[in-house]
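Engineer: Sequence:
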Amino acid sequence: MRLSIYSLFIAALGVFMASCSMDNYVAPNSDFKGRIVYKGEPINVEANQVRFQLWEPGWGKLAPIDVAITQEGNYSAVLFTGKYKMLFPKGEGPFMTNVINTTVKDTLYIDLKGSQTMDIEVMPYYMLRNASFSKGENKVAASCKIDKIITDANAKNIERVSLYINKTQFVSGANNIATTNIAGSAITDLSNVNLTVDIPTISPAQNYVFARIGVKISGVEDMIFSPVQKIQYK
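Read in order, the letters of the sequence shown correspond to residues -18 to -1, 1 to 216 in mature numbering (1 follows the signal peptide of the UniProt record, and there is no 0).
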């Protein structure tokens, strides 16, 4: 009987010590944030579909920290102070990463000491410029200029250009109430691309939609987009 009481006491003490240990655990407190950019201009993508990885050596089995990019091209993570390797998985994003040198290639090394803001430069295949939107009779019309950025052996063709509208500010192929497309082969002038989409009946009714133009690049999963714009139509 005494042994049983002693065993219960030891077990309770263990739970108490574990609880104290958890209470004393130091949470990550360094903000690492910034934008994915081309010459300082944000790369607009589909929300939370493009990611990069952070690797922190010295913690036993290595596992990456995935950091998602917002549709405006921003990223944010709360981390421990330390040294990290940052890289994009192969094929991630509508862009190529910049090679630093032949040794580290496109891997960035980050020495995080407290909070840090850093823009990450990439090389997109295309950029959308001068996107504009207007409301017609139950329609949204859009136009833009598309600049081909990569023109060497790594260049890729446009598969299609799409105009998306949605009830909310999250607008993409996966989040829309209507869309229209132009095949890349049908575009004769990249400096003047025009699209029009019908506005469907919205329930519950609202007097606005959000719109953006996207470019699907041949052989690239992730699209590049124009910034989202809110359009009032009543």
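If you are wondering where the hints come from, they were derived from the structure by calculation, not from laboratory data.
By construction, the Cβ of each residue, glycine as well, lies at the ideal position given by its N, Cα and C atoms.
A few of these clues could be false.
Unchecked claim - Pairwise CB distance ranges, derived in the manner of DEER restraints:
1) Asp129 to Asn56: 14 to 24 angstroms
2) Glu203 to Gly16: 21 to 31 angstroms
3) Lys15 to Asn83: 23 to 33 angstroms
4) Ala135 to Lys65: 33 to 43 angstroms
Engineer: Run every hint past the structure and note whether it holds.
Structural biologist: To see whether the hints hold, each was checked on the structure:
For the pair Asp129 and Asn56, the beta carbons lie near 22 angstroms from each other, so the given range of 14 to 24 angstroms is met. Checked against the given bound of 21 to 31 angstroms, the beta carbons of Glu203 and Gly16, roughly 23 angstroms apart, stay inside it. Remark: the range hint 23 to 33 angstroms for Lys15 to Asn83 is upheld by a beta-carbon distance near 26 angstroms. Checking the proposed 33 to 43 angstroms range against Ala135 and Lys65 shows it holds: the Cβ atoms sit about 35 angstroms from each other.
The structure meets every hint from the earlier list without exception.
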